[in-house]
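First to last, the sequence lines map onto chains C and G.
Be aware that the first sequence starts at 1, since it is given in our numbering, and climbs by one per residue.
Be aware that the second sequence starts at 1001, since it is given in our numbering, and climbs by one per residue.
Just so you know, the hints here were simulated from the structure itself, not pulled from any lab data.
Keep in mind it's a predicted model, so treat the numbers as computed, not measured.
C-beta atoms are modelled at their ideal positions from N, C-alpha and C, and glycine is treated no differently.
Fair warning: there could be bad hints in the mix.
[Claimed, not checked] Just a few of them, taken from the derived set where beta-carbon distance is under 8 Å, the chain C residues facing chain G:
hint, residue
1, Val11
2, Thr59
3, Ile70
4, Asn148
5, Lys151
6, Leu154
7, Lys159
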Amino acid sequence: MENVEQEFLAVIREYSRVIYKVCYMYTTPNATINDLYQEVVLNIWKAFPKFRKECKISTWIYRISLNTCISFLRKEKNIPEIVTLTQEADRSEELDETQVMLKQLYHMINRLGELDKSIILLYLEEKSYEEISEITGLTLTNVATKINRIKDKLRKMNKEE
Amino acid sequence: MELDELKQSWNKLNQQLEKDTIANENEIANLVSKYKANADKSLKRLTGWQRLSISLGFVGLFILLVVCLLPSVFHVGETYQSKVNALIIFFAISLIIGICWDYQNYVSIKSIRVDSMPVAEVSKRMLKFRQWMKYEVIGISIWIILFNIVNYWVMDYYLESAGTQALLILFFLTCDAVIIYFLYKRIAYKHLNKIKKNIEDLEDICTE
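Work out the full structure: start from the sequences and follow the hints.
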């Protein structure tokens, strides 16, 4: 058991940035980044013994993170907040160039629906169409079409602003 | 901001996250040990709301059953008995529909497997769940109106003078409107935009 826990912690260490970025993009007033991060970590732990290495571990981590954030429904605090993040990308008081860019990024991506948001997130993470297809369950043609449509949507949103 | 600019911002986010660790490893280990110690409890809490709602429904049905089985205790006289019976039937049907509805939601949420289901499938299920929440508000609104009609009949308000009836109807309609508006604002409204966006997302998609 000790071994499994060590392995799990190593995986979390390696993919903590990936998990953070997914949670960051799905943050809402009802679901803080801390809530989402903790829920994702817990879901990874619960599913960890069942991971059969049928797909790449990164694919598996993205799938769990995205699915947890999409299906996150909290009417009450299920579990107390144990994990406090040491980094909070959008909480800084100083609005330097990076903060402005991050706020714009969040604002734009947040105007997309949940599936589009996950596709664009994977695209920005430079995942191949095959990997995006594997994570989302869409066909390759659909992934390509979706990305083109999202590009159009973003262009349209840009004009509207 | 177009895709290229998004990419630049994304790289900035990556650079920022490179600077430091994200979360304390001891806290994560602590979270895991707390989960191991409380695995069963947290699962129960997770679905606690639906369980409570279904249980309350059964308690309500049980009370109605007691009222029906003990007519001598709850006997209200020949004139009103048929009206009380109608009210009991109305509540019983409402509770049964409510229990079935909650159970359906409970099963649907429990069936989501975040580790094995593709993201498109989870999105579809969550969209369906949010649409149900919208229908829930419509259903409750219809129930409130029906309840007022039944209540009006049971309480014999239709025997009052035209002026009193007009005032009563105005009062009930105002109460209904306030409750429905509150429900709509509180539950459905915040989901409407999300539902709309997600329907667009899921149009014409094929999964393998």
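Structure-based check of all given hints:
no.	hint	verdict
1	Val11	11 Å, violated
2	Thr59	11 Å, violated
3	Ile70	5 Å, holds
4	Asn148	10 Å, violated
5	Lys151	5 Å, holds
6	Leu154	6 Å, holds
7	Lys159	10 Å, violated
When held up to the earlier numbered hints, the structure conflicts with 1, 2, 4 and 7 and fits the remainder.
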